[in-house]
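Chemist: Sequence:
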Amino acid sequence: MTTTGDWDQHMDEASSCFFSWDFSSSDKTFLLFFLVFLSCVIFSSTANGFLFFLTVRHKQLLWQPQYILINNISVSGIGMSLVTALVVLSSIVRKQIQVYGHWCIAQFCILRCFFLTSHMTLAVMAIERYIFICHGIHYLRIVTTYNICIITGLIWLVSGALSLHGGLVLRWIECGFQQQTNGLLCDAFTIKELIPFSYEQNMLVFGPPSVLTAFCVSVICYSYGCIYHAALRVSMALKCSNHRAKRTVGFYFLMFLLQLALNIFFIVLTMTGKKEASSCRSVNSLVTPPIIIIPTFIIGAFLLVRNPQIRQLLFSLCQSTRHEAPEVFDRSRRADGIGEDASRQEEENKETTSFSLPGCVFRSDSEDC
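The numbering of the sequence shown is UniProt numbering, which starts it at 1 and goes up by one.
Take the hints with a grain of salt, since some may be wrong.
Calculated cross-link-like contacts (lysine-lysine; reagent style DSBU-like; alpha-carbon spacing at most 30 angstroms) [unchecked claim]:
| hint | residue 1 | residue 2 |
| --- | --- | --- |
| 1 | K28 | K95 |
| 2 | K95 | K192 |
| 3 | K28 | K192 |
Derived by calculation from the structure, the hints in this document are not laboratory data. Quick caveat, the model's predicted, so the values are computed rather than measured.
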């Protein structure tokens, strides 16, 4: 329990720390944070939105196992981006930092659910590629649409269960309620900084996700290691270079390491967080929201550019959009031209009426032949 003096001091420090953040050009740190964060939100929502739109628009892709997983990871990226953006922007508009309570725990659970879903989906994608390349003869029997739909449901179920477990443990601890945090978002770093966890509580809250993340890393390393080894054997048999296999495996490893960026950042800040000054903690709380969104943007953009069929659909969509605009403009111009010709002819018919006989033309506005 905190005394009244400590509580007032904490409230004054948190309020002064936050209310010094504004959109004025003098506070360059907050302005830079806001621009970077807004750019990350826009790019992440656009990339994952295009990915989701292209897979849903073409029904034949929506029922293929590989694209079911791509659709799932795009949904996870959109959800994480929107939740982070709404919470941070609402804090900025209301000029209030997050207060630790039920809504703060709900944010923690939702972000953890999307984060674990992305990890497990990437691991299942690696297994799917491993079966396709190394055990292709059994691919159609093992990797079916029904099985992938069940696995996708299990991914969300496990992520939701682990997130709910962490939220219930935080609710059970009942420490720090109604205290103001140092961040605009109730992420893992903010809660870890606020609550003095014991070793058992720390293992209960952060142990299961860490074990699951380590398992996903092991699965991805094994799967892409086997894929690279199979490509190496083929290249040695054909006596050719395997640069394409190296690039592919390297790109997928990079994609997963970007997903782990938040974990690495969280571990570093947790190890050094207790020794930092309040100004450093404020800067860390500003850096955390972009760190959450950046991996989702890079993964969405990576799948848009790297997957050949998605890339082809994206190019065809851009070309059709570019060609439709001039056609609509030409049709409108032709319609306007036809309307002008018709009105001009009608006016001429009103002014003059003529009929012809052999050797003579009689006009209504003329007296002679």
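Chemist: Now tell me if each hint is right for this structure.
Modeler: Do the hints match the structure? See the list:
no., hint, verdict
1, K28 x K95, "holds (17 angstroms)"
2, K95 x K192, "holds (23 angstroms)"
3, K28 x K192, "holds (27 angstroms)"
The earlier numbered hints are all upheld by this structure, with none contradicted.
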